[in-house]
Amino acid sequence: MNFKVYILWSESLQKFYVGHTNNIGERFHRHNQGYEKFTSGGTPWVMICTFDSKDKAEAVRLENRVKKRGIRRFLEDNQIAFGR
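As numbered in my numbering, residues -13 to 70 make up the sequence shown, in order.
Calculated from the structure, these hints are not laboratory results. A quick note: this is a predicted structure, and the numbers were derived from the prediction, not measured. One or more of the hints may lead you astray.
[Claimed, not checked] Calculated pairs, BS3-like style, for lysine-lysine (alpha carbon to alpha carbon, straight line, at most 30 Å):
(1) Lys53 <-> Lys42
(2) Lys54 <-> Lys1
(3) Lys40 <-> Lys(-10)
[Unchecked claim] What follows is a set of in silico ranges between Cβ atoms, one per label pair, in the way DEER data are often shown:
(4) Gln65 <-> Lys23: 29 to 39 Å
(5) Glu62 <-> Glu(-3): 17 to 27 Å
(6) Leu(-1) <-> Arg59: 10 to 20 Å
We put the CB at the ideal spot given by N, CA and C, even for glycine.
Please take these sequences and the hints and turn them into a complete structure.
Rendered as structure tokens:
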């Protein structure tokens, strides 16, 4: 089963969020509909980017690497543009 690591941006909170899932469409919908506690106050969320992972373990490792580095610095290090 393929997993994705994704990075979201909330303009209202001025914050990023990183997560992983095997169903990106459903997960994004849940974030924007307020079903997820952490992201419910930041709607609407914008998808900044996604990364493919071959399995859940790889996705978790990448998610943790992004969090450890800091999402903004990770995006800058990898030259991924994001609006502000």
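Hints versus structure:
1. Lys53 <-> Lys42: It holds: about 16 Å lies between the C-alpha atoms, which stays within 30 Å.
2. Lys54 <-> Lys1: Holds - the C-alpha atoms of Lys1 and Lys54 are around 16 Å apart, at most 30 Å.
3. Lys40 <-> Lys(-10): holds (8 Å)
4. Gln65 <-> Lys23: 29 to 39 Å: Given about 32 Å between the Cβ atoms, the range holds.
5. Glu62 <-> Glu(-3): 17 to 27 Å: holds (19 Å)
6. Leu(-1) <-> Arg59: 10 to 20 Å: holds (18 Å)
Checked against the numbered hints listed earlier, the structure breaks none of them; every hint is satisfied.
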